[in-house]
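Enquirer: Listed below are the residues making up each chain.
Number of protein chains: 4
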Amino acid sequence: MSGLTLAEAQKALAAGLKKAEAIGQPMNVAVVDGGGHLLAFARQDGAIRASIDISQRKALTSILMAAPTGALTPLVQPGAELYGLEQLAGGLVIFGGGIPIERDGEIVGAVGVSAGSVEQDTQVAEAAVAAVTRKPRTR
Amino acid sequence: MSGLTLAEAQKALAAGLKKAEAIGQPMNVAVVDGGGHLLAFARQDGAIRASIDISQRKALTSILMAAPTGALTPLVQPGAELYGLEQLAGGLVIFGGGIPIERDGEIVGAVGVSAGSVEQDTQVAEAAVAAVTRKPRTR
Amino acid sequence: MSGLTLAEAQKALAAGLKKAEAIGQPMNVAVVDGGGHLLAFARQDGAIRASIDISQRKALTSILMAAPTGALTPLVQPGAELYGLEQLAGGLVIFGGGIPIERDGEIVGAVGVSAGSVEQDTQVAEAAVAAVTRKPRTR
Amino acid sequence: MSGLTLAEAQKALAAGLKKAEAIGQPMNVAVVDGGGHLLAFARQDGAIRASIDISQRKALTSILMAAPTGALTPLVQPGAELYGLEQLAGGLVIFGGGIPIERDGEIVGAVGVSAGSVEQDTQVAEAAVAAVTRKPRTR
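Protein sequence lines, in the order shown, are assigned to chains A, B, C and D.
When you number the first sequence by the numbering used here, it's gap-free, plus one each residue, and the end is 139.
When you number the second sequence by the numbering used here, it's gap-free, plus one each residue, and the end is 139.
When you number the third sequence by the numbering used here, it's gap-free, plus one each residue, and the end is 139.
When you number the fourth sequence by the numbering used here, it's gap-free, plus one each residue, and the end is 139.
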């Protein structure tokens, strides 16, 4: 059904948390399966709680859009083609920190990270994805 | 109330799917009745899943606004008269891909298409509408 | 990602619509993928429109609960173990008409049917599931 | 505000997952802080996905009601004093599987478990709570 096991999700999660510690920014890290359903989650001490939702929604957005959330940013600005996209499909996140997990050209899951800067969130998400795939799809 | 039958909706749907194949872009295509209620829907293999909601909402927006969704784009930009419109009426889509189906000056249904570029979505919606009406109202 | 193609979903949908015609009860029929995301839908002329949501939610419930919706009915009655279940997970349907599509012991999709009696809805869902699997999981 | 660290939440989570394995029933296990906000979550392979929401909502219900969710069951039956409670406060769970984590008479967090029978869910939640407190408040 999923393709991604809990063991793999926890491996990605641990890699993300480790990266967040290295950066020195407490984070919320979420891992979802290929259908966008939550598999594993952790919120580090001191990380803001708005990001509980944001991190999970970033992962879900990556699944629903089949793309990293950072790729959406230029497309949804005023005057751009998909302006207004963020309020559709139940609420999408349009800044970086959500990255799909791909295997053999198929999306089997996604990671969403939130609580730091977009740059930091993206770095942590990349570390998490890299732990369970050889070629993480990046920004 | 509706005027549009399932047979007609399926005819529009099939024409849209055929156009999407010709373009080479997998799509979500939705057909609603004159009240905005879903009649027929299909998601082609490989089409993004955020567009399940977006395609249906484009069709609904066309009914609620009595206009193609692409006509809303300039009206909702920052500084424009209807800035903020997209979050009203339960969530409207403000970019192209939703087109009303008109007969004798009356809107009897609408088509919503999503997953490609706005240009592609609009072309597929036009093909779908054209299959069940002689003079589709376009952008 | 899904396992179920649009062609298969349309085959299930067509089998459901045919069964509904044989019964003489207009229906809403929805087919979702293994993640609960809509693949194909049709509402027959005369079928009630509340069932647009109900049919899709039956299919989604079958995915989220990994069971036919009819199996939930005894479990959620007053005094029973899961009383109150129906308002959780975004709203679940606790009467028959939603059936998972299984292959090799894995749920790859689901069918949801609504607009007739629970008995009729279930018969139509069974016909739809049977069209794409040899051993449909029934009530 | 919380008092419960991620390390403690993960310790409770691990104890819950271990108990679920011993029982042989895949589970969703959620740990929230004293404000009801998610700290840690895991869904075991094969556990139903409706329980992603239900487990988290059980933990939240325990915080909002300052009680194990199982204590609510008799109070919400037809004719009982709190009949209808489950649809308030954003949706409460009224069957067992959510247990507060108490320290020195103060609730500092809660565990929510879902996917098995209510008896199994409660056993797993008790194991999780026991891992981070000496005297878990039970059913």
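FYI, nobody ran anything at the bench for these hints, they're computed from the structure.
Be a bit skeptical, because a hint or two may be false.
[To be verified] Listed below are the simulated SDA-like cross-link pairs for lysine to any residue, each with C-alpha atoms no more than 25 Å apart in a straight line:
1) B/18 <-> B/5
2) D/18 <-> A/90
3) B/11 <-> C/118
4) A/18 <-> A/130
5) D/11 <-> A/66
6) B/11 <-> B/78
7) A/11 <-> D/21
8) C/18 <-> C/77
9) B/11 <-> C/7
10) D/18 <-> A/10
11) A/11 <-> D/23
12) C/11 <-> B/26
13) B/11 <-> C/45
14) D/11 <-> A/7
15) B/18 <-> B/74
16) A/18 <-> D/3
17) B/11 <-> C/53
18) C/11 <-> B/131
19) C/18 <-> B/3
20) B/11 <-> B/25
21) C/18 <-> C/48
22) B/18 <-> A/18
23) A/11 <-> D/89
24) B/18 <-> C/118
25) C/11 <-> C/76
26) C/11 <-> B/5
27) A/18 <-> A/49
28) A/11 <-> D/107
29) B/18 <-> C/48
30) C/18 <-> B/117
31) A/11 <-> D/106
32) C/18 <-> B/25
33) D/18 <-> A/66
34) B/11 <-> B/88
35) B/18 <-> C/44
36) C/11 <-> B/46
Enquirer: Mind checking the alpha carbons of residue 18 of chain C and residue 77 of chain C for me, to see if they're no more than 25 Å apart?
Expert: violated (33 Å)
Enquirer: Run the distance test for residue 18 of chain B versus residue 48 of chain C: straight-line Cα separation, threshold 25 Å.
Expert: Outside the cut-off at roughly 29 Å; violated.
Enquirer: Is the straight-line distance between the alpha-carbon of residue 11 of chain A and that of residue 107 of chain D 25 Å or less?
Expert: Judged against 25 Å, a Cα distance of about 31 Å means the pair is violated.
Enquirer: Do the alpha carbons of residue 11 of chain C and residue 46 of chain B lie within 25 Å of each other, as the hint requires?
Expert: holds (18 Å)
Enquirer: Against the 25 Å threshold, does the CA-CA distance of residue 11 of chain C and residue 26 of chain B hold or violate the hint?
Expert: The hint holds at about 19 Å.
Enquirer: Keeping to a limit of 25 Å between CA atoms, is the pair of residue 11 of chain A and residue 106 of chain D held or broken?
Expert: violated (34 Å)
Enquirer: Given the proposed pairing of residue 18 of chain D with residue 90 of chain A, does the C-alpha separation stay at or below 25 Å?
Expert: Since the Cα atoms of residue 18 of chain D and residue 90 of chain A sit roughly 35 Å apart, the hinted pair is violated (cutoff 25 Å).
Enquirer: Assess, step by step, whether the Cα of residue 18 of chain C is no farther than 25 Å from the Cα of residue 117 of chain B, and give holds or violated.
Expert: Roughly 36 Å separates the two Cα atoms, so the pair is violated.
Enquirer: Holds or violated: residue 11 of chain B and residue 7 of chain C, Cα atoms, limit 25 Å.
Expert: Given pair residue 11 of chain B, residue 7 of chain C holds - Cα atoms ~16 Å apart, limit 25 Å.
Enquirer: Compare the distance between the alpha carbons of residue 11 of chain A and residue 21 of chain D with 25 Å, and conclude whether the hinted pair is satisfied.
Expert: Distance of about 19 Å is within 25 Å: holds.
Enquirer: Regarding the pair residue 11 of chain D and residue 7 of chain A, is the alpha-carbon distance no greater than 25 Å?
Expert: Distance of about 16 Å is within 25 Å: holds.
Enquirer: Does residue 11 of chain A pair with residue 23 of chain D here, judged by a C-alpha cut-off of 25 Å?
Expert: holds (24 Å)
This entry does not satisfy hints 2, 3, 5, 6, 8, 15, 22, 23, 24, 25, 28, 29, 30, 31, 32, 33, 34, going by the numbered hints stated previously.
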